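First to last, the sequence lines map onto chains A, B, C and D. Here the working numbering is used: the first residue of the first sequence is 17, the next is one more, and so on. Here the working numbering is used: the first residue of the second sequence is 13, the next is one more, and so on. Here the working numbering is used: the first residue of the third sequence is 291, the next is one more, and so on. Here the working numbering is used: the first residue of the fourth sequence is 291, the next is one more, and so on.
Since the hints were derived computationally from the structure, they do not count as laboratory data. Keep in mind the model is a prediction, meaning the values are calculated, not measured. A hint or two may mislead.
Computed spacing ranges between beta-carbons, pair by pair [said to hold, decoys possible]: (1) LEU37(A) / THR35(B): 13 to 23 Å; (2) PHE213(A) / GLU40(B): 35 to 45 Å; (3) PHE132(B) / GLY417(C): 46 to 56 Å; (4) LEU174(A) / MET244(B): 15 to 25 Å; (5) ASN174(B) / ASP469(C): 55 to 65 Å; (6) PHE132(B) / GLY399(D): 19 to 29 Å; (7) PHE76(B) / GLY511(C): 24 to 34 Å; (8) LEU174(A) / LEU346(C): 12 to 22 Å; (9) ALA88(B) / LEU346(C): 19 to 29 Å.
Positions of the beta carbon are idealized from the N, C-alpha and C atoms, including for glycine.
Single-letter residue listing:
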Amino acid sequence: MHIPDGFLDVKTAVVTSAASLAALKCSMAKVKEQLGERDVPALGVTAAFIFAAQMVNFPVMAGTSGHLLGAALASTLFGPYGASLVLSAVLIVQCLFFQDGGITALGANILNIAVAGPFVANWVYGFVKRWSDQVAVFLSAWVSVIVGALLTSAELALSGTVPMKAVVAPMVLVHAAIGIGEGIITCAAVAYVRNFFRGEMK
Amino acid sequence: MIEKVDGRVKLGTSILCVAILSTFRTFEYLAAYLGFYILLLSLTGFPVIKWMRRISLPALFVAFMSAAAVFVNFWAGRPTAAMDGAVLFLRALSAIVLISSAVYSMSLGEFLFSLKALGFPEPLVNLVGFTIRYANVLVEELSRMNMARRARGCAEGRSFWNMAAMAVLGHTVAALFLRSYERSEKVYRAMLSRGYGGNMKSLYPAGRPKKSDFAFGALAAGVPLFLKAVEMGAFAWITR
Amino acid sequence: MDYAVEVQNLAFRYKDGTEALRGVTMKVRKGSKTAILGPNGAGKSTLLFHLNGVYLPQRGNVKILGVEVNRKTEKMIRKMVGLVFQDPDDQVFSPTVWEDVAFGPVNFGSSREEVELKVKSALEAVGMEEFAGKMPFHLSYGQRKRVAIAGVLAVNPEILLLDEPHAFLDPRAREDLYDILEKENREGKTIIVATHDVDFAYEWSDEIVVMKDGRILAQGGIEILSREEIVEEAGLEYPKVVKLFKAIYGPRAEGAPRTIEEAAKLLNSLLENRTSSKVQKE
Amino acid sequence: MDYAVEVQNLAFRYKDGTEALRGVTMKVRKGSKTAILGPNGAGKSTLLFHLNGVYLPQRGNVKILGVEVNRKTEKMIRKMVGLVFQDPDDQVFSPTVWEDVAFGPVNFGSSREEVELKVKSALEAVGMEEFAGKMPFHLSYGQRKRVAIAGVLAVNPEILLLDEPHAFLDPRAREDLYDILEKENREGKTIIVATHDVDFAYEWSDEIVVMKDGRILAQGGIEILSREEIVEEAGLEYPKVVKLFKAIYGPRAEGAPRTIEEAAKLLNSLLENRTSSKVQKE
């Protein structure tokens, strides 16, 4: 889902960069007031965790595999603001250090994965949890993947790289499948972590 | 050669070049630029073979993405699908080439300092520094955990319908998180004990970029600018 | 003779280009207690990963109880050879101790009842029965180490590998570990330990393997830990008992006793029968 | 007498309810080499965090070189007392070695030139000058440990704390560590090491502190490691030399030599002068 350089046109790149920059500024202010001086080490090591977690491959169907995105996981563990910072750091490292995702598309990638992902996940979780916590975690993870795929398709279509009507269906379909894996893994991980902290409090 | 250029200039120029190149529409110009740049690198003693091995994976990935775009466009009935895909691929590839050659030819300290100098928000750059430092540690932990799982007879499931195998992956992720959480507490304590008072101070020893650095920058950015001008028809009166 | 492990000219290079093993050849007798010594980076851990089938040979070959390790046999090998990792956190990841110890048996296809029994006896063997329902991350380091060992014992492997098992353990926990290893060995298991602790190796093992730079520098009985050229070259140190007897007998101290207790006995008899015994001084 | 550390009735409880310290009282002489021994979970690490001002006393008080540790003095205390963590990866957190060693001096307000000098001399002290530009990840474990120590030395603290410094080090790296500690001590630094290694403690320290269950069980010279009641209760073991002389002399072996070399010398003279010397056997 990482858009490379050259796949977006100028207007899309500029608009998405401006949007994600504004979102990050807001997150940084919010996190500073919540975490205080602990922000850098705590977020840095957890960003490294998300980076590593994205290397967890899981089988999807017919021999193909997907990897974790971690937007909902990060959002549940650190809240949407912290998650957006952590995921942005991961995207920057992937872009500049590993050439995974483009520098001119960095704004778009941050918007799709690091901003939309955790905030939508947070919203879905808050909405669904009144019925079932497990289902809420699962759905938040699934939806965050779908939203990322939708936004990616929309940006590619707006840039004229691919036509909207041809790209949306396959993208969403593939990511609907990947999202199931993301959902199950996120559920198991969140339950485990919560259990740990519940025991810690005792 | 490229190793000697100031990191700020190098990174800034590369990003600028990528921005210009990503608007190119002509296959030939992109191919010409790419050939020119790689030739220049190898002539100035850049370890080209080693570097190419390192970028082979992202190059493969953009090839795959471009192929997907060709497929979708072809399916949607666009007649220029194949050529468009080729242009996409070359744009993405030249970006990989530019950024990676700049980043690989400077130290991590210089890289982070350059990011700050180029206007990336400072807290975010500090965060990136920590991420790089601990990504290595945690990826190694994860790979040992994966190995330990295999050593204990775990066979990865064949699809996500194998819920037990997926739950095992979830537990691995959770255990990794708890380890990283414990580590972040320890790192924080270590920082405190070494005088950390709430803000990371910049330590990188760097002076001002030299004139030769700027000359390099102008030259490096000039070539794609010139090509872009040609592509836009600025010199059409010559060929006419 | 029956060998538990036969390694022939094994070489292995990591993806980043590090040559971890450069032609290792060695044999380990069935039922023996073997210690692998050597400086950090000598290739000890890489070798252990091969013996368990987690890594497959890039060159050369490995036989475990006569079975060659390859893609077809790897799963079977992993069942026959249990590997305890250096850091228990690499190995212990399940939500409860019970589930974690059950992980191996379940993977190797034991039935529900078998799993129950195996987990119970493995937890008993390491003295952790009462913690079955706990979360591993709420336990102390030493306790997690025990859980890691139980998880391997539950599969009932014929060969037990331990990577640096003593690090961070306090003296009592070390003693408990010693007892566990002794018991498993008495029951017929072959045990191979990679360690930095020369005193432990000298006191405990039947067989010593010294590694350096991805090669076997020496293999033999514990007397090779008294040989200057080997100890020097591998960056090791003499076991304390050897050091003592070298200083008393002079450089030819190959017959030094194994433990402090034996040393004391010997010295006592030397000091008592001072008229009859002849001190072999140089 | 001048004390580097004075701890009075110190108690500390973690948020999860664990009582890590339950009234610790102890003193450490200036310029001494002190080893803190005790089983895992005895509170050794928690005590070290108090001596360095990272934790503040919940009850009781801590004085460092006469200065009471509290919110006002904590930053000053952290400059006077350097703490080397167990795992170098917790402590070496900067992207490059140079920046990491510079972290302390910069935070404690050294000027640019001072920082340059301090980093240089600290890296020299641990023999890592040539690695200044490297990423910590590209170093071996032993090298990262050295960088961690350099990062603490660069601040030039008067007291040096080390938590379990030997774990995972191979014999040669241990020896190098020993040399670094000796050198710093000769230059007047007080050194406190929390460790499981009784042999090291017996050979190296002036002063031994034995902890158990968040309390001080005993404090004194190295002879307390020969006392059965202390060693037993703290779950320790006798140093090897003590064990040997206990088996030769009987239980009253308080005068056992400190090192294997001294032991050998003593035994040699006993064996040689067998007519003149009287063996003090029970």
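Q. When you take the CB atoms of ASN174(B) and ASP469(C), is the distance between them in 55 to 65 Å?
A. 40 Å, violated
Q.
Between the beta carbons of PHE132(B) and GLY399(D), is the distance compatible with 19 to 29 Å?
A. Since the Cβ atoms of PHE132(B) and GLY399(D) sit about 27 Å apart, the hinted range of 19 to 29 Å holds.
Q | Verdict for PHE132(B), GLY417(C) (Cβ pair) under range 46 to 56 Å | A | Check passed, 54 Å falls within 46 to 56 Å.
Q) That 35 to 45 Å hint for PHE213(A) and GLU40(B) (C-beta), does it hold up? A) Since the Cβ atoms of PHE213(A) and GLU40(B) sit about 60 Å apart, the hinted range of 35 to 45 Å is violated.
Q. In this structure, is the beta-carbon distance linking ALA88(B) and LEU346(C) contained in 19 to 29 Å?
A. Violated, at about 46 Å.
Q: With 24 to 34 Å as the target window, see if PHE76(B) and GLY511(C) comply at their CB atoms.
A: 57 Å, violated
Q | Range hint 12 to 22 Å (beta carbons of LEU174(A) and LEU346(C)) holds or violated | A | 48 Å, violated
Q: Given the hint of 13 to 23 Å, check if LEU37(A) and THR35(B) actually sit that far apart at their C-beta atoms.
A: The hint (13 to 23 Å, Cβ to Cβ) holds, given that LEU37(A) and THR35(B) are roughly 21 Å apart.
Q | Whether the CB-CB distance between LEU174(A) and MET244(B) falls inside 15 to 25 Å | A | 22 Å Cβ-Cβ, so the 15 to 25 Å window holds.
Of the numbered hints stated above, those contradicted by the structure are hints 2, 5, 7, 8, 9, listed in ascending order.
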